[in-house]
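J.: Whenever a hint applies, use it, and build me the whole structure from the sequences.
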Amino acid sequence: MSAPGDNQLDAVAAAPRVSHTTVGVFEENCYLVVDPATDAAIVVDPGAEGGRIVRMVRDSGARLEAIWLTHAHLDHIGAIADVKREWDVPVYLHPDDLPVFDYAPRAAQMYWLPWTEQPRPERELADGMELTLGTLRFTVMHTPGHAPGHVVFHGHGVVLGGDLLFAGSIGRTDLPLSDPRAMSRSLARIATLPEDAVVYPGHGPATTIGDEVATNPFLNGGARVLGG
1 MSAPGDNQLD AVAAAPRVSH TTVGVFEENC YLVVDPATDA AIVVDPGAEG
51 GRIVRMVRDS GARLEAIWLT HAHLDHIGAI ADVKREWDVP VYLHPDDLPV
101 FDYAPRAAQM YWLPWTEQPR PERELADGME LTLGTLRFTV MHTPGHAPGH
151 VVFHGHGVVL GGDLLFAGSI GRTDLPLSDP RAMSRSLARI ATLPEDAVVY
201 PGHGPATTIG DEVATNPFLN GGARVLGG
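Quick note on full-length UniProt numbering: the sequence shown kicks off at 1 and runs consecutively.
Keep in mind the hints are simulated off the structure, nothing from the lab.
The C-beta atom is built at its ideal place from N, Cα and C for all residues, glycine as well.
Please note: incorrect hints may appear among the correct ones.
As the list claims (entries may be wrong) - Derived CB-CB ranges, DEER-like:
#1 Gly61 to Thr215: 16 to 26 Å
#2 Trp115 to Gly210: 33 to 43 Å
#3 Arg224 to Trp115: 30 to 40 Å
#4 Thr139 to Pro205: 33 to 43 Å
#5 Arg224 to Arg58: 39 to 49 Å
#6 Pro114 to Arg189: 17 to 27 Å
#7 Arg55 to Arg181: 39 to 49 Å
#8 Ala37 to Gln109: 40 to 50 Å
#9 Asp174 to Val213: 16 to 26 Å
#10 Thr22 to Trp87: 17 to 27 Å
#11 Arg63 to Ala188: 31 to 41 Å
#12 Ala37 to Glu195: 21 to 31 Å
T.: What follows is the structure, given as structure tokens:
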């Protein structure tokens, strides 16, 4: 995505507008994040039911600039083709999750789900990388465990958390290429973000870092990560 001038970025940015639609048999949350100052937007994890996602973007009146993927499990990537058919925008994914991306057709077979070939990501994410959306800046945090290339995008009080952290729970670590020990380290990292940051997870309701540190047994020592 193209970066605006430094004077725009240095100004106090308005809070991002975050909306979502829950799609597919796995009830995955696909997010639309909009910079109010410029109407620049990104879609995060277009997992299924591409028509609904396209309508969400169109109804917002925003200008779509990219697709950001927290990871490449089939329930988070199954509508990339539908979105890119409407807007030819780049797809961002951490390279460690390319094997997960390539495994998606087989995973769909295992769940007896239809599958359409999806465009491969064009842009690589890395830990600490800064992504610009209009006047907004988000930082990439590599959070392996649920998937080897899982990432979280955080900035401006928003945490786009994928399947790392849920309200009262965490993502699975018993899937192919999952790593329970890496998951424990990633949970410790996300717990260092500001307490009032709102977590928008891949499944279920939004929460905050503070609420999860206080009440989530996987963050406060009440439970261990499976296999960890």
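J.: Of the numbered hints stated previously, which ones are contradicted by the structure, given in increasing order?
T.: 1, 4, 6
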